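J.: Protein sequence lines, in the order shown, are assigned to chains A and B.
Per this note's numbering, the first sequence runs over residues 15 to 312.
Per this note's numbering, the second sequence runs over residues 141 to 512.
It is worth saying that the hints were derived from the structure and are not from the lab.
None of these values were measured; they are calculated from a predicted model.
Don't be surprised by glycine CBs; every beta carbon is placed ideally from N, CA and C.
A couple of the hints might just be wrong.
Pair ranges (Cβ atoms, derived) [unchecked claim]:
1) Phe-20/A with Thr-298/B: 20 to 30 Å
2) Glu-434/B with Phe-275/A: 41 to 51 Å
3) Glu-331/B with Asp-201/A: 52 to 62 Å
4) Asn-124/A with Val-463/B: 50 to 60 Å
5) Thr-298/B with Phe-275/A: 48 to 58 Å
6) Lys-298/A with Asp-227/B: 48 to 58 Å
7) Pro-140/A with Asp-421/B: 43 to 53 Å
8) Glu-331/B with Ile-292/A: 24 to 34 Å
9) Ile-292/A with Val-214/B: 21 to 31 Å
Covered, in the sense of this in silico footprint (three residues per stretch, anywhere, with C-beta under 8 Å from a C-beta of chain A), are these stretches of chain B [unchecked claim]:
10) 303–310
11) 325–336
12) 340–351
13) 373–383
14) 388–395
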Amino acid sequence: MDVTIFMQQMVNGFSLGSMYALIAIGYTMVYGVLRLINFAHGDIMMVGGFLGYFGIAILELPFGAAVILAIVGSALLGMASDRIAYRPLRSAPKISLLITAIGVSFFLENAFNVFFGGVPRAFPVPAYLEVVVDFMGLTMPVSAILVPIITACLLAMILWVLYKTKYGMAIRALAFDVGTVNLMGIDANRIITLVFGMGSALAAVGGIFWAVNYPSVEPMMGVLVGLKAFAAAVVGGIGSVGGAVLGGLIIGFTEVVVIAFLPELGGYKDAFAFIFLILILLFKPTGILGIDFEKSRF
Amino acid sequence: MRKLVVLATSAAVLASISFAKEINVGVVMPMSGPLAAYGQVCYEGVEFANSLQPKLKNGDTVKLVLVDNKGDKVETATATTRLISSDKVVGILGALTSTNTAQVIAVADKKQIPVIAAVATNDKLTEQKQFANRVCFTDSFQGAVVANYATKDLKLKTAVVIADQAQVYSLGLAKAFTDAFKKAGGTIVKEIKVSSGDKDFKAVVSQIKTANPDMIFLPLYHPEASMITRQAKQVGLAKPMFSGDGVANQTFIDLGGDSVEGYMFTDFFDYSAPPTQKSKDFIAAYEAKTGKKELNSFTALGADTYNVMINAMNNCANPSDSVCINNEIKKTTAFEGVSGVINIDKNGNATRSAVIKVITNGKAVYKSTVNP
Chain A
15 MDVTIFMQQM VNGFSLGSMY ALIAIGYTMV YGVLRLINFA HGDIMMVGGF LGYFGIAILE
75 LPFGAAVILA IVGSALLGMA SDRIAYRPLR SAPKISLLIT AIGVSFFLEN AFNVFFGGVP
135 RAFPVPAYLE VVVDFMGLTM PVSAILVPII TACLLAMILW VLYKTKYGMA IRALAFDVGT
195 VNLMGIDANR IITLVFGMGS ALAAVGGIFW AVNYPSVEPM MGVLVGLKAF AAAVVGGIGS
255 VGGAVLGGLI IGFTEVVVIA FLPELGGYKD AFAFIFLILI LLFKPTGILG IDFEKSRF
Chain B
141 MRKLVVLATS AAVLASISFA KEINVGVVMP MSGPLAAYGQ VCYEGVEFAN SLQPKLKNGD
201 TVKLVLVDNK GDKVETATAT TRLISSDKVV GILGALTSTN TAQVIAVADK KQIPVIAAVA
261 TNDKLTEQKQ FANRVCFTDS FQGAVVANYA TKDLKLKTAV VIADQAQVYS LGLAKAFTDA
321 FKKAGGTIVK EIKVSSGDKD FKAVVSQIKT ANPDMIFLPL YHPEASMITR QAKQVGLAKP
381 MFSGDGVANQ TFIDLGGDSV EGYMFTDFFD YSAPPTQKSK DFIAAYEAKT GKKELNSFTA
441 LGADTYNVMI NAMNNCANPS DSVCINNEIK KTTAFEGVSG VINIDKNGNA TRSAVIKVIT
501 NGKAVYKSTV NP
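Excised from the complex, chain B in its bound form (with noise of 0.2 Å):
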């Protein structure tokens, strides 16, 4: 026993005075199942960050903690325990969507351990939850960029909204657009519910042909997305296009074909317009190691989740003090990072510009940068 209690000790002491060390920092992503595709973009951006600045400015190693979550609510809760109880992570980035970002706030919150999600949008994300925080801005700016161009710039005046009732994500897009555009002046003709996994979209596409809208707006993930452009252009339902982030992606274009010419959506950033140096700095440093031409918003926003975390680790005089770096991520301004500027408010709410792009021959293309 006391041959224990002696080595016990000489560990500690032995940890303490070791000068480098390492912290761990838990990333939850899915890298697998129906939302792989996003996640892996992501991690990308989290993983290709951390190789640029592995070290903090006292020599302390971060050292990423990856967990795929399976784009599953349950499978991101346990991954979160792990994270927080097993790996003794000072904070966690990511989780990708709205509704699993939920999953892991809610639990990251009663430990303490602060959360900078990338792309989770949906406004009841951050409340009431001290300890949540987004480099992302968030559905009710999104919406409202949505339909004031669309109302303004392109002149429409009514408009069908398609929303998945599996996703939180969409619904509150959904809503933050409809209010929005009503503002504006305009009409909503029909609100038509969807459920994700959702194949057949052959009945809402010949519904939306009768309600003849000038526009049709669809806060979707790109699977379900791309089956209803598809179906759209066979029954030649030709009306403009619109989308938030959630189809902000190559495989969404892939998935459409042809169908997808014409559509818009919002996106974070986009590389042929690189806001800030440290993003043409990071374009160059990926294209460098990847051979990649493009930068995914995504791969953008991971990025800027490690390096809002690591700034805010920096300023406190002991980084693995995971209030500390919380109450540092809140005091964010102003900061240049790989998406753009950004700052974060003290409800964890990051206020940024937004982007439109058109897919045109198969491509996204910017179209115009939104300022809050």
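The shape of chain A in the complex, shown without the other chains (with noise of 0.2 Å):
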């Protein structure tokens, strides 16, 4: 294997795990704050990837219109999906909140099987997003350089909300005590809404980048894209918004490492990737990045 397909392998597993990381990023926000898994996550994803078909082949909006709708309707959605399922369960064991989280993840996959069909729909591109970049014999399309590009800024503003801002301060100290948190006169609830409606948000940006580099939809696109982001969230350390940015990376390459070294077990790459997983739990249970579970947070 010479030099430009080991780097040109490498382009592909970096912009692979950058999607990734996107949609580990809301897992670990929402679990940072809840203690809860949400596994309706990738089904918001896919939501966000419907939506913005919507936008482009019904509506016949602009691309950056469709992205903005796409975004809101996923935030709206997982702010009510927090609102209508998770806080009346709020002082319920954390046990029931999982089994809620996996019912939402049913209910958004079958109602849009019902309304809208199994069938994948082909999701129309904008030509700029198509075209290939040749670079040193490594070619791209721009839509794949893209993703790694605003992960990093999506995150550079995450991480900017956390620490520079006042609600950042609140969710982190949601982190800590939710009970101490009410005391001090933030609404708990408020603020939990505001945290779902940004984890919602990026799954969006993530669900309209899958259906962009991947172009089709379909109801159950979401459901192994978020196991692997949860996985990726999970190797990362859980709760820590680098680590799942790590987790991503680590995911996506061990993905193309499979299949650039052993071709033959291609059809197993999930199966790696999850072995790995298991690894990292089995010598760090906290993740890579994963501070100590009860102590500190983001």
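Taking the hints as your guide, dock the two standalone chains into a single complex.
T.: So this is what it looks like as structure tokens:
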């Protein structure tokens, strides 16, 4: 294997990993404040993809406007899911919350299946995103190059919100102790709604990117991606935003490396990604950047 | 108690003397889920054939009982059990993919209910199963058709094969092609495995570009195949690509966009070259009803599962006798179906021709017919 091919595969892995990272951030944020693994996150991503599709194909909006529609729509949906499904269970045992999250996930998948059918639809990708860039023998479409850049920008934005704003301070405080935060005069429910909104907006961006890079949308598209992003969040250390990004990249690279070096076993690349997850958990149960569970967060 | 007995006896007598009975035929199809694109077009054919010929010779009405298996193995087994035990079907059509059809056959074979598969092409499906039948060709035939066409007509010598680890159909067809291609003097330079549901194939296409084969064989279904063609185009990989019947529908072309131009695949039937009088009549009736000028090959095959089933039921003295129906299905010879002339042997396998199509300007265009 010569250097160009090796580099090409690394670029492929980087692009795929950034996609997982984008979605993993949403998992980790919600987990940070609620200790809830929001299994519906992958499906919010699917809804984001669909909203983008509707925006472009049916409402005939320009791409940028469709993206905004998808982000706003998904953020509202995320906040609504918190209001309707999770808030009434705030004081219930964590396991009830987890089961509810699975319920929300099934609800979204099946609702979309019933209303829009299970047949994959072609996502109309704007031509300027499909241009292929050739750099020293490495080829990559513009859309795939944009993914890591946007992920980095969004990561910076999230970190800025968390560490430089009052809301961020409230979110970090919430991660320590919900009861005390309430006593300090902060409306914990409002902050949690905000976290769901931010997480879901990120999922929508992830959904749009997914639909642009692999131009089809269908109701089950979020299942496997969501699972892998969840694995990424755990590998990186769930609760840590930086860890989610690191975990996403690791899972992305693992998959590409399996195909690059063991093409015969390519069908098992998901298995490799999850074996990796098990190994990490065996040797470092909190994940790579995870800090001790009940102390610090973010 | 006595009243009940009297009631039951009179009901039984009534049922036996009423002349026009209703006979249930089960259909298991993925109407939702990842395979819905195929399931819906295939069921359309079954349903339409039923509307054209709803009655048997003796005046009995055939009623279709459809169960959606959502493209899932476990759902398929449950659906089949339900059809047999609570709907009392005399025969079952469908299940579409080989993986799911194997489940239908496993359940139905034990209960001695005949199954006719429309498009399940895996070779092993009918092995040692008395009640398994099909109206399509097998993968060993399909694989050989592609291999011969590629080596003899297109003079291609090296190939990369991409198989789907999770699909019986894909693994079987990959093997059939590999064997036939090697026999014809070709070399398989690389074999890559993927898995249903994968979307990112950048690493796969980069690999193929390095291997630089004359052609690529993709025994996959349309979701994966279309993503590969798109990503192949992005890295500038422009080699002839070939698939089996797994991409034989419009959704594949919609998903692949202009990246599927020149893509070749085998199919069972093409509406622009109707093979029998029955095809012409069916196409005309279908056009009159739906306004669609085209007839998908899966629709034609779906119609033929129903036609073969009805034909077998008509040949039985008692059209509810499942064992007799099964024997009659296996005697089908030179049967004029919608999709072509069908012969079914004692193993339940059909002998029939295949067509090769090329995607040109966003349409699957008929190229040639290959006879067995």
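J.: It remains to establish, for every hint, whether it holds in the given structure.
T.: Evaluation of the provided hints:
no.	hint	verdict
1	Phe-20/A with Thr-298/B: 20 to 30 Å	holds (23 Å)
2	Glu-434/B with Phe-275/A: 41 to 51 Å	holds (45 Å)
3	Glu-331/B with Asp-201/A: 52 to 62 Å	holds (59 Å)
4	Asn-124/A with Val-463/B: 50 to 60 Å	violated (40 Å)
5	Thr-298/B with Phe-275/A: 48 to 58 Å	violated (22 Å)
6	Lys-298/A with Asp-227/B: 48 to 58 Å	holds (55 Å)
7	Pro-140/A with Asp-421/B: 43 to 53 Å	holds (46 Å)
8	Glu-331/B with Ile-292/A: 24 to 34 Å	holds (28 Å)
9	Ile-292/A with Val-214/B: 21 to 31 Å	holds (25 Å)
10	303–310	holds (count 4)
11	325–336	holds (count 6)
12	340–351	holds (count 7)
13	373–383	holds (count 3)
14	388–395	holds (count 3)
Consistency with the previously given hints fails for numbers 4 and 5, ordered from lowest to highest.
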